[in-house]
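Chains A, B, C and D, in that order, give the protein sequences. When you read off a place in the first sequence, starting at 1, and then add 47, the result is the number in this note's numbering. When you read off a place in the second sequence, starting at 1, and then add 47, the result is the number in this note's numbering. When you read off a place in the third sequence, starting at 1, and then add 47, the result is the number in this note's numbering. When you read off a place in the fourth sequence, starting at 1, and then add 47, the result is the number in this note's numbering.
Calculated directly from the structure, the hints in this document are not laboratory data. All C-beta atoms in this analysis are idealised placements derived from N, C-alpha and C, irrespective of residue type, glycine included. Careful: at least some of the hints might be erroneous.
As the list claims (entries may be wrong) - Simulated DEER-style distance windows between Cβ atoms:
| # | chain 1 | residue 1 | chain 2 | residue 2 | range |
| --- | --- | --- | --- | --- | --- |
| 1 | B | 414 | A | 379 | 43 to 51 Å |
| 2 | C | 471 | D | 275 | 56 to 64 Å |
| 3 | D | 206 | A | 236 | 20 to 28 Å |
| 4 | A | 282 | D | 233 | 25 to 33 Å |
| 5 | A | 283 | D | 233 | 24 to 32 Å |
| 6 | D | 233 | A | 154 | 19 to 27 Å |
| 7 | C | 60 | D | 396 | 53 to 61 Å |
| 8 | D | 414 | B | 414 | 48 to 56 Å |
| 9 | C | 415 | D | 336 | 28 to 36 Å |
| 10 | A | 154 | B | 337 | 49 to 57 Å |
To be verified - Lysine-lysine pairs mimicking DSS-like chemistry, simulated, CA-CA at most 27 Å apart:
| # | chain 1 | residue 1 | chain 2 | residue 2 |
| --- | --- | --- | --- | --- |
| 11 | C | 207 | B | 282 |
| 12 | D | 207 | C | 335 |
| 13 | A | 113 | B | 113 |
| 14 | A | 342 | B | 207 |
Number of protein chains: 4
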Amino acid sequence: MSTENIADTTIYTRRESEARSYCRSFDTVFTSASGSEMTDSKGETYIDFLAGCSSLNYGHNDPDMKAALIDHISRDGMSHALDLHTDAKSQFLEAFERLILKPRDMDYKVMMTGPTGTNAVEAAMKLARKVTGRRNIIAFTNAFHGMTMGALSLTGNSSKRGGAGGGLLADVTHMPYDGAFGEGVDTLAQIEMMLSNGSSGIDAPAAFIVEPVQGEGGLNAASTEWMQGIARLAKEHGALLIVDDIQAGCGRTGTFFSFEKMGIEPDLIPMAKSFSGMGLPFAALLIKPKHDIWKPAEHNGTFRGNTHAFVTARVAIEKFWADDTFQQMLGEKAMMLTSGLQAIAEEVPGASLKGRGLMQGIDVGSGELASEICARAFEMGLIIETSGAEDEVVKVLAPLTTPNQLFRKGLDILLDATRATVAGHRLAAQ
Amino acid sequence: MSTENIADTTIYTRRESEARSYCRSFDTVFTSASGSEMTDSKGETYIDFLAGCSSLNYGHNDPDMKAALIDHISRDGMSHALDLHTDAKSQFLEAFERLILKPRDMDYKVMMTGPTGTNAVEAAMKLARKVTGRRNIIAFTNAFHGMTMGALSLTGNSSKRGGAGGGLLADVTHMPYDGAFGEGVDTLAQIEMMLSNGSSGIDAPAAFIVEPVQGEGGLNAASTEWMQGIARLAKEHGALLIVDDIQAGCGRTGTFFSFEKMGIEPDLIPMAKSFSGMGLPFAALLIKPKHDIWKPAEHNGTFRGNTHAFVTARVAIEKFWADDTFQQMLGEKAMMLTSGLQAIAEEVPGASLKGRGLMQGIDVGSGELASEICARAFEMGLIIETSGAEDEVVKVLAPLTTPNQLFRKGLDILLDATRATVAGHRLAAQ
Amino acid sequence: MSTENIADTTIYTRRESEARSYCRSFDTVFTSASGSEMTDSKGETYIDFLAGCSSLNYGHNDPDMKAALIDHISRDGMSHALDLHTDAKSQFLEAFERLILKPRDMDYKVMMTGPTGTNAVEAAMKLARKVTGRRNIIAFTNAFHGMTMGALSLTGNSSKRGGAGGGLLADVTHMPYDGAFGEGVDTLAQIEMMLSNGSSGIDAPAAFIVEPVQGEGGLNAASTEWMQGIARLAKEHGALLIVDDIQAGCGRTGTFFSFEKMGIEPDLIPMAKSFSGMGLPFAALLIKPKHDIWKPAEHNGTFRGNTHAFVTARVAIEKFWADDTFQQMLGEKAMMLTSGLQAIAEEVPGASLKGRGLMQGIDVGSGELASEICARAFEMGLIIETSGAEDEVVKVLAPLTTPNQLFRKGLDILLDATRATVAGHRLAAQ
Amino acid sequence: MSTENIADTTIYTRRESEARSYCRSFDTVFTSASGSEMTDSKGETYIDFLAGCSSLNYGHNDPDMKAALIDHISRDGMSHALDLHTDAKSQFLEAFERLILKPRDMDYKVMMTGPTGTNAVEAAMKLARKVTGRRNIIAFTNAFHGMTMGALSLTGNSSKRGGAGGGLLADVTHMPYDGAFGEGVDTLAQIEMMLSNGSSGIDAPAAFIVEPVQGEGGLNAASTEWMQGIARLAKEHGALLIVDDIQAGCGRTGTFFSFEKMGIEPDLIPMAKSFSGMGLPFAALLIKPKHDIWKPAEHNGTFRGNTHAFVTARVAIEKFWADDTFQQMLGEKAMMLTSGLQAIAEEVPGASLKGRGLMQGIDVGSGELASEICARAFEMGLIIETSGAEDEVVKVLAPLTTPNQLFRKGLDILLDATRATVAGHRLAAQ
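Next up, chain A with everything else stripped away, as it sits in the complex (with noise of 0.2 Å):
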C-alpha cells in the first residue's frame, strides 16, 4: 500500500461504523508514535495532549517495554492464554505485590477481567450485590463508568445512555458530586440525610462507585473530605467503596492510586488504560480479600488476562515506580501545567481551572467555544480534547513522561489557539 493509499481515509465511510468518533475530529491517518509525538501518513508530526484519553500516561511505545514485548513475542511467549499461569503474570503479579502495594500497605487480590475498564466495572459491580445481598448502587453526577448495560447503569450522559435504545438501566441512585450545587452546598450533608431517612425511597446501597477526579464528567476533582465521607458513609451503611480509579489511576494525578492521600481505604478499585504501561487493552479489578467470595469462572471472559499486556505493565511498574523520583517529576510537571492553565484561562472571559495533578483543563463556559479551541490547536499541531456535560472543558491529559520542552511547546500552541480562537468570536461580536 502506498503512503497515497494510506492517506485515503474512504474505507473508513465505506466501511467503519458511524460510532466512530475521534477520527472526526483528528481527520488524517497517524501511521506512527514515539513518546509524546504522533506522526500521520503526510508526515505531520503533532503533539499529543490526549494520551489515548489517559491510557498512554508513559508515552507511545516507550522503548524498554517495546523491547520487553519484542523479546516477549520472538521467543514465542505467550499471547493468549485465557485464565492460565503464565511467566509474564507471575512476573507482573510480583511487580505489582513488591512495588505497589506493599510500600502503599495495601492489600488487595487482583481479578483479571476482560480487558477493558466497563468490564473491570461490571465486575464491581456485581461482586458489591453478591458480597452485600442488596442491589442498589449510588453513582455520582457527571460519572462516567463504561458502556455496557451494568456500567452503563452508573453513567450519568444522557446521549450515551439514550444509546442503550431503551435497554433497562435499573438498581441505581444519581447523587450529586462533591460541588455538583455549586459551591456552599455541602452534597455530602444531603447525600447523608436521603440515606438516613428510612422514607426517602432510596434502598439501602451495596456500593457507592466514585471516581476522585471525574475524567469524562468535565474534571471535577472530589475534596479529600467528601471522599472521607463518602467513604464513612459506606460503611456506616454496610456499603462497599467502589473507587474507580481507570482513568485518574497510574500516575495521572501525581501518586499511582489518585486516593492514595486521602485517607480511604477502598473496597474495590477498576482499573484499565495505562495499567499495561503500553496502551494494550488490559484491565483489573482490585479486591479487598475479605471481598474476594467469586467462585470460579463466575464471571470470566476469553481475554481476561493479555499476556502481552503483562509484560508491558510489568516494565512500567519496576522503571517508573521502584521509587520516588517518578513521582516527585509529577508534582513538578503539575506546577507546570497549572500556571500555563492559568495564563491561558486568563484569555477567555469568565474561564476557571479544573482538575488536579496532570489531570487538568479549563472551562471555556461553552462547548462550542471549546471545541473550536481543539479544532484549532489541531491545525496548530497539538491534539487535545474536551471533556464535560456540555464539552466546555478543554482538558490536558498529556503523557506524564511528555519532556519539559516539549510540554511548553504544547502549552504554548493551546494558548496560541485560545487567543486566535478569542480574538475571532471578538471580531464575529462587533
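With chain A fixed as given, assemble chains B, C and D onto it according to the hints.
For chains B, C and D alone, kept in the frame of chain A given last:
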C-alpha cells in the same frame, strides 16, 4: 527470575482472585507456545485442544503474524490509537472488505467495539433496541453471550447469572434452541405460536440472538432449517437477527462465518475470539448498513480498535482466506475429527457426538466423567476442556492449523484417556 | 332527574375517560337489577349472561344480602373501618372458617388486601418473593391477573401490557398453559425441561401462578393432571403455588374453589369478584399459615376489608354453602349449559366448546363473528360478552342462581342470535 | 352471635393475616359509628380523630348518604355494574361537573379505576408514560402513593418497599420534597440542577408526582412557591404533573382540592379515600382531556366504578359543596385545630406543628413518644394515630364535620394524654 521461581504458583493464591478457573484444571506455568503446542516452565510440552476457547484458530504465534507485529512495534507503529484512523486499521478494513465480505457478497459496516465478545454483543443489543424501538430480545436455552450485564441477561447458565448478585437481567425472553426438548419436538413451531399469540405475554422482540453452534452450551448445532426459520420469524415479527459468531466463526465450522451455507442474512454479527488471528483482544460488530444509525461515540470505549490486533488480523485474512485452500483443508480435517471422535465415543456407553466442523465433541453423559477424562488427558500431555450445562461434553477446539500427525496424536491421547477413565469406573463399579 | 335525563349519555362522552369499555357494547343506562335480569332507563329488561364478569354469581341484589346490608346501614354499622376489628368482620371470618375452610379440610389465613383482585394478586407476588427470597414468577400464556404493574407483568394480553406505556414488567417468565401448543404437545414436560436445565436462562421461580380456568384468556381449562404436575413442579423447585381463583372461584365451576377436586394444595389463593356475594368491592388473599410472615402493615391499603362486603359475604356463605344443595344444583345446570352450547356450536362451522362448569363458551373462530353474535344477542335482550386473545370465544357467565327457565330463555336467544349472524354471513358470502 | 362472642378476638389471631395493623393499636371490636364517634362491642364510645385515614371526612354514616344508599338498595338499584352506564353514575358525573369542576374552572375527564387509591395512581403512571413515551417518574422523599408494585416504586418508606420481597421497583427517581434538607435549602433549585445537567444520570421524566401535604410522610406541607416551581419544571421538561390528592383532597385542607389556591393545573389527579363520601371503596383519576388517550379497556378492572359509592359521592357533593358554607366552616375549624395543637405542643420540649388545614399534627421528636401519647389517648376514649418516617408525628385527621364541642373534647383528651405521657417520662428520667 529463575526457572524455579517461574514455576512457583503461590503468587496466584496470594494475589489472584478466586474467580480464576482454567489454571485450576491445568495447574502449571506456561512460558511459550507455538502452533498447536504449549510449553510450561518445567519444559513439558502439551498438545493444545483448547486453543484459547477458539481464540487461537490459527495456532499460537503464527510466524507471519509475529513478524508483522514485531515489525509494527519496531517501527513505532501505533499501539493505542482510540478510534483514530491508522494505517493498520485502513489495511485491516481493506483486507476484510476485499477477501471476506466481497467474495461472500456481504455488505456490512464494521463497528470497533471494546475488544471483547461481550462488548460486541452489548453493542448489538443496544443497536437492535435503538433500531426497532423495542426492548425484548429473544435468546436461547444454553446460550452464552458474555458476562457484562446486558450480555449476561442473554446467557442461560444459572451459575453465571447468579454471579450478578441479584442485579437485574431483564428485557430478555429465553426460548428453546433447536433440539432443546428432544428429537421430534419442533421448537421453532412453538416459538412461532408464542409470538403469534397476542396473549402469550411475550413482548414483540427487538431481536433474536443465536449461536449457530453453541460453544459453551454443549456444542449444540442448529440445523439449517431451524436457522432459516428463526431468520423468517425475525423478519415477520419486525425483529433483527443477531448471529453471534464469536466462537463458531473464523473458520471453526469449516467456513469463515459459521452460517455461510445456510442462506440467511444476519442484521448484526458480533465477532471476537479468533478475529485478531493471534489471540489478541479484539472484537467487532458487523452491521447491515441500513441499521448503522449510531450517533458518533454513542457506544464507545478506550480500547475499541486494538491496533496490534489490526496488524495480525490483516495477516490472518491474507494468509488463510485469500483463496479456498484453507477452507478445503478444514473440511478434510473435520472428517478426521468426526471419525476420531466416533472411535472414542464407542468406548463410553451411551455417548454421542455433538457439534460440527472443527467444533465437535462427545457427550459422555455426565460432567464428572467428562472432567475426569480431561484431567487424565492433561496428565498425558493434552489440554482439553468440557462444555455444556452440566459440563457433560468433552469438547475439541484444536487450532485449525494443527498438522494432521499432531492432530491424530491428540486424538490418540484422548482415546487412551477415555479408555483409562472408563476402565477405572468399571473397576470401581465391580 | 327525569327519566329522559337519565337516559341521556352525553355526560359520558363529555366526562368519562376513553378507557371505558363495556358501556360501548351495551349502550344504555341501567337503573336496576334483580336476580339475573337488568332493567334500563327505558324500561327494557335484559337477561344477564355476563354477571359482572363472574362478580355476581349469586345474582343481582339477592334479597337476603340486601336485607342484611340495609339492616347494617340502618343501625349505623361500620361502613369504613380500615383493618380494625368489627362485628361484621368477626362474623364473616367465623362463617368462612366454619362453612368453607373446615368442611374442605383447608387451613388458611385470610389477608384483607385492597378490595380488588389485582391487589390480592400483588400481595401474593410480594409474599411469594419474600418467602422464597427469589424474584422470578412463572405465569402462563393467556393469563389475566390484573392491571396494576405487578399483576400486569403476569398478564399475557399484549394490549393490556402495552397500556403500561413501556413501564417495566420484569421478573416474570411466561410459559405455555395446558394445551397452548395444541393437542398432543405436553407443555408440562417442556416446562419441566426448562426448569431442570441449569442453562435454560429461566431463574429459579418464587412461584407459579395459575388460573384453573382462564376466564379472560378464552375459557381454557387445565386438566387435573396438568394442575397436579404444576403443583409437583412447584414443590420440587422450591416455589410457591398461587392459584388465582378470582374468576373461577365462588362456585363458578361447580364447587366453591375451582380446584377442589384436583388434589392440590395451593400455598396462596387470591379471591375477589363474587367473594362479597353482592358485587361489592372485596378481595382477600388466602395464605397457608406457615407462609404468613408479613410484618404488620407491610402490605396495607385504605379500603382493605370492606365492611359492607363482610356483611353480604357472610350471608352468601351461610345461604349457599351451608350444605351441598347449591353445589348439586350447579352440576345439573352445568350439564344444561353444555348441551345448550353444543346445539349452538352446531350452527357455526368449526366451532368448539371451551371451559367447564358454569364457565363455558363457544370458540367461533374469529373475534368479529363472536362480537357480532353478542351484539345481536343484546338487541334481543341478552347481555353476553366475548373472551380470548382474539375475542373469539362467546362466553356464558350467567349468575349461578339463574332459574332454569330464564337460563333456557337466555340460551335460546343466544341460539337465535348465532343463527341470524351465521345466516347473515352466508348471505354476504354468496 | 351474642355480644360476648362479638367481643371475642381469637378469630383474628386464628384466621386473619399477620399483615393486620390498626387493630393491634385499637384492640377492641367496633360495632357501630355515627358522625365522629365509634362504639365498640362493650358499649364504649370513642371520638374518632383518625377518620379512616381521611376516608371519612364527612363522618361515619352521614344520615343523608345513608338514606340515599338504603333507598338505592331497596329499589334494586345496581350494586355491581362493571363500567356500564347507570343512573347512579350519570348523576354522580353531573354533580361532579356542575358543583366541583365548573365553579373551579377546571376541565377534566373522570377515569373510573379500580376503587383504591393505589389503582388510580397506577393508572396515572401508565398514562403519563404513554403520553410522553418516557419511563422515569419523579417522586419525592416521604411520599406514599400505594402498595401495588407501580405505586410502591414511588413510595419512600423502606419497610413498605421491603415488603415487595425484592421485586423490581424501577423507573422512578426519588427527589427531596420541600424542606427535606432543612430550612434554607432550596430543594427546587437542586432538582432543577439535576434535570438541567445532561450528565446527571436522571432520565428525562414522564411525570412528577407530588402530594401537596404528605399524609403518611409526616404531614409535610409544600409551599405554594415550591408547588408552582414543580409545575414549572414539569412543563419545561415535557413532563406531566400528577397531584396525588387522595388524602389531602375532599376538603381536608380547607378546599375541595388541596391545591386550589396554588395557581397550578395538574395534568392528572388521583382521587380516593373520602371521594365516596361514606368511606366506600371508590377511586378515580382526573385527566386533562388532551391526555385522555386511553384505548377502551386499556386499563380496566372488575370493580371500577362502585355504584353504591356513586350514590353516596353524589350526596356528599350536593350536601357539602353546593355553596361555600362548608368551606368557610373548615377555615374556622382549622384555626381551632392550630391553636389547640399549639397548646399541646408546648407540653413537649422541642415539639413543632406540621401540616395545614384540618390535616395537622405535632412532631414530638420520636416515634416512641408519639405512639405512647396515642395509646394513652385511646385509653381515654380518643382514636388517633401517628405518621412520619419514624412515626414521630401525632396526626389529627378528625372528620371535617365534627361538631366544635366534640372537636374540643378530643383536643382536650389529646392534651391530657400528652401531659400524662410527658410527665411519665420526666418521672422515669429522674
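Hints, one by one, checked against the model:
For the pair residue 414 of chain B and residue 379 of chain A, the beta carbons lie near 59 Å from each other, so the given range of 43 to 51 Å is not met. A beta carbon spacing of about 60 Å between residue 471 of chain C and residue 275 of chain D agrees with the range 56 to 64 Å that was offered as a hint. A hinted range of 20 to 28 Å holds for the C-beta pair residue 206 of chain D and residue 236 of chain A, which are about 25 Å apart. The hint said 25 to 33 Å for the Cβ distance between residue 282 of chain A and residue 233 of chain D, and at roughly 30 Å that hint holds.
Judged by the Cβ atoms, the range 24 to 32 Å given for residue 283 of chain A and residue 233 of chain D holds: they are separated by roughly 27 Å. The beta-carbon spacing between residue 233 of chain D and residue 154 of chain A, approximately 45 Å, falls outside the hinted interval of 19 to 27 Å. Separation of residue 60 of chain C from residue 396 of chain D is about 60 Å and conforms to the stated range, judged on CB atoms against 53 to 61 Å. Look at residue 414 of chain D against residue 414 of chain B: about 55 Å separates their beta carbons, and that is inside 48 to 56 Å.
A hinted range of 28 to 36 Å holds for the C-beta pair residue 415 of chain C and residue 336 of chain D, which are about 31 Å apart. The hinted window of 49 to 57 Å between residue 154 of chain A and residue 337 of chain B holds, with their beta carbons roughly 53 Å apart. For a cut-off of 27 Å, the pair hint linking residue 207 of chain C to residue 282 of chain B stands: about 25 Å separates their Cα positions. Taking the CA atoms of residue 207 of chain D and residue 335 of chain C, the gap is about 22 Å. The hint holds against a cut of 27 Å.
Straight-line distance between C-alpha atoms of residue 113 of chain A and residue 113 of chain B comes to about 14 Å, which keeps the hinted pair within the 27 Å bound. A hinted pair counts as satisfied when its Cα atoms are at most 27 Å apart, and residue 342 of chain A with residue 207 of chain B qualifies at roughly 10 Å.
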